[in-house]
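Asker: The sequence shown begins at 1 in this note's numbering and counts up one residue at a time.
Note that these hints are calculated values from the structure, not bench results.
Among these hints, one or two may not hold up.
List of simulated lysine to aspartate or glutamate pairs, EDC-like, C-alpha gap at most 20 Å [unchecked claim]:
| # | residue 1 | residue 2 |
| --- | --- | --- |
| 1 | 89 | 188 |
| 2 | 65 | 227 |
| 3 | 207 | 27 |
| 4 | 221 | 210 |
| 5 | 204 | 66 |
| 6 | 237 | 66 |
| 7 | 103 | 210 |
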Amino acid sequence: MTAISSLSQAEVLRIVTPEYPPYEYTENGKLKGLAVNIIKRNFQEMNQPISIEVLPWARAMRFIKEGSRDAVFTAFKTPERVRFADFSKQVLIQQSVSLFVRKDSDIHYEGDLRSLSDYSLGVVRKISYGLRLDSAIMRNNFIRVEETNEGTQNFGLLLSGRVDMVASTQYGGYHILKKLGRLNEVKELPVIVQEIPSFIAFSKIRKLTDMRDRFDLAIAKLKANGEYQKIIDDYFKQ
1 MTAISSLSQA EVLRIVTPEY PPYEYTENGK LKGLAVNIIK RNFQEMNQPI
51 SIEVLPWARA MRFIKEGSRD AVFTAFKTPE RVRFADFSKQ VLIQQSVSLF
101 VRKDSDIHYE GDLRSLSDYS LGVVRKISYG LRLDSAIMRN NFIRVEETNE
151 GTQNFGLLLS GRVDMVASTQ YGGYHILKKL GRLNEVKELP VIVQEIPSFI
201 AFSKIRKLTD MRDRFDLAIA KLKANGEYQK IIDDYFKQ
């Protein structure tokens, strides 16, 4: 099979994902996470075998662009990415992007990102935080932006005092801080930056629009029969 051929149902769909708790992460060598649970159940519904590989986000996106992997999750939809990836029409998970600061910080934020121009920001390399924050970063809205390879390193910048704030999904930020045992050292700024839908995206080079459409049908069914919400509820009960 060449890189430009369609994938048959019997073949394993090669999926990549970042280390992005609580949506997808490894623990004791096992892949876990809310999005992982939804992905596995949805492809089971499709009778489609899959493999999931955890990679740094920049490399994962490069592999999708090149066609050396089939799909990636959880991905925010951006103009750049739609040029090389077919995004599901159905939302995989709705995410809230927030800003986190040290507990003793006097940073005040009421929703206007321009009010934060005197502060430095930590982000994960090649991650989209939604149109509002991405645009502010492009406009050099912050005094300095520091990049890391994954979320735990990003919060390390904040905890060590190297940046004033970090951006993260709400659930992801609290998961990292809880795992580090440092929840009491950081606070979330009270206004959410943006609510953003995240998706699974299929490599255009791999010509998987039919697979994308089947994915949409399957997850729509799980949402309609209540199983999708049950997966979410069960995850947070653990």
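Asker: Which numbered conditions among the earlier hints are violated in the structure presented, ordered from lowest to highest?
Answerer: 1, 2, 3, 6 and 7
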